[in-house]
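> For the protein sequence lines, the chains are A, B, C and D, in the order given. When the count follows this note's numbering, it moves up by one through the first sequence with no breaks and lands on 114 for the last residue. When the count follows this note's numbering, it moves up by one through the second sequence with no breaks and lands on 114 for the last residue. When the count follows this note's numbering, it moves up by one through the third sequence with no breaks and lands on 114 for the last residue. When the count follows this note's numbering, it moves up by one through the fourth sequence with no breaks and lands on 114 for the last residue.
There could be a bad hint or two in this list.
Since the list can't tell identical chains apart, any single copy or any two copies may satisfy a pair.
Listed next, the in silico DMTMM-like pairs over lysine to aspartate or glutamate satisfying Cα-Cα at most 25 Å (straight line) [what the hints assert, rightly or not]:
(1) Lys87 to Glu110
(2) Lys39 to Asp81
(3) Lys87 to Asp101
(4) Lys61 to Glu110
Hints are computed from structural coordinates only; laboratory data are not their basis.
Number of protein chains: 4
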Amino acid sequence: MTITARDNAVFEAGIKLGALYHQFVGSPVSLRTAESLEKAISESISVQPYVKSISVSINRKMIEENLSSFGYTELKGPMLDVDAVIKYPGYEVNVGIAYKDGYPLMFIKEIREA
Amino acid sequence: MTITARDNAVFEAGIKLGALYHQFVGSPVSLRTAESLEKAISESISVQPYVKSISVSINRKMIEENLSSFGYTELKGPMLDVDAVIKYPGYEVNVGIAYKDGYPLMFIKEIREA
Amino acid sequence: MTITARDNAVFEAGIKLGALYHQFVGSPVSLRTAESLEKAISESISVQPYVKSISVSINRKMIEENLSSFGYTELKGPMLDVDAVIKYPGYEVNVGIAYKDGYPLMFIKEIREA
Amino acid sequence: MTITARDNAVFEAGIKLGALYHQFVGSPVSLRTAESLEKAISESISVQPYVKSISVSINRKMIEENLSSFGYTELKGPMLDVDAVIKYPGYEVNVGIAYKDGYPLMFIKEIREA
């Protein structure tokens with residue numbers, strides 16, 4: 001079947017989420033440093049091709065619950081709440097990562113012509 | 001627009017390539033250990049949902065050209081040649097990573113009903 | 001204070017454990033693929049300078065307890081049992097990673113002249 | 001041989017550099033986003049035990065030389081200039097990462113009683 005602009009838009013969106021997750025999960029983080037990590041993750045992914053916008057939020061309550069006796073934890077998948085819009089000529093794809101049913105899920109929220 | 005099975009198939013394919021790249025690039029590697037790294041990468045990604053098949057090849061010539069005086073290098077994006085088939089109900093998507101025009105590119109090779 | 005061969009031996013040992021942990025934690029893994037991941041991790045770290053020997057074991061029971069409904073999980077720090085010997089001219093340092101008191105701890109087991 | 005506080009101080013310093021390198025190398029980066037990545041890396045490592053201070057600088061000239069046609073690159077080892085002080089009861093260890101002789105080298109700068 002012919003590969004369409006829509007296919008490429010959705011494919012690029014998937015790449016970004018997989019990259020974000022496996023690049024940054026594991027990073028040491030605390031309540032004090034969560035904000036700079038959120039900013040670095042969103043800016044880092046935003047330089048990749050076709051990223052129109054991205055917001056990254058790290059769940060503070062989960063950080064707190066996971067703090068070691070040394071006062072920090074590591075970024076874990078379930079802590080991530082991500083919303084990103086990928087724009088490929090002709091299409092915008094809105095995707096996200098969210099914690100649902102016990103897992104950090106990646107999913108397509110909306111596809112629109114643009 | 002309604003999100004289709006085809007969209008989800010392509011999205012999942014993108015996730016796998018982004019994950020593979022950012023999880024394993026940076027791993028120390030030499031000519032002697034390239035094979036075990038290839039096997040671990042392909043098996044690791046193969047346990048994720050919807051992966052029908054995957055093959056990973058690390059360019060030996062590039063390893064050789066990049067060897068440090070200590071006799072090893074790190075896995076770099078351009079060294080990767082990946083071919084993967086993602087199967088989502090109704091569709092099979094064949095995607096890959098290959099070195100083209102100076103970059104490690106991720107691309108859709110084929111989409112078929114299945 | 002003068003930096004000694006012993007200091008460098010211990011420093012190199014620390015580098016290897018930090019590298020191993022942050023390179024491979026997060027890798028998708030299942031009971032079926034744990035062995036190839038163990039082998040790739042130990043071979044990957046073994047190519048780095050001053051590594052005399054290394055063994056990596058991934059806790060199968062923890063994999064099982066962490067399996068998602070998709071039949072896999074991600075390599076987590078607590079799953080790792082690592083034993084490594086770093087040899088720097090004049091000294092051998094035996095270090096490890098093990099799960100103790102709820103955390104994956106990195107520690108020096110023994111330092112010997114060699 | 002008895003493991004001393006000095007050994008542990010140096011060991012912890014090695015762990016931090018290995019962790020930093022393998023967690024963040026590979027992150028997409030551009031001239032515009034280098035600053036937020038530097039800040040996130042230094043803050044992330046600073047939450048780990050025994051880190052007294054750390055500064056991370058990403059070489060802007062190397063970013064520029066490595067920019068893809070998409071206007072970004074990935075953080076590579078040679079781009080890193082790191083200076084960190086690890087404080088373990090009784091000792092302070094000053095370590096760094098710097099680009100020398102074609103490689104990103106990790107080394108001990110100074111050990112002092114403290």
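> Under the constraints set out in the numbered hints, which ones does this structure not fulfil?
4
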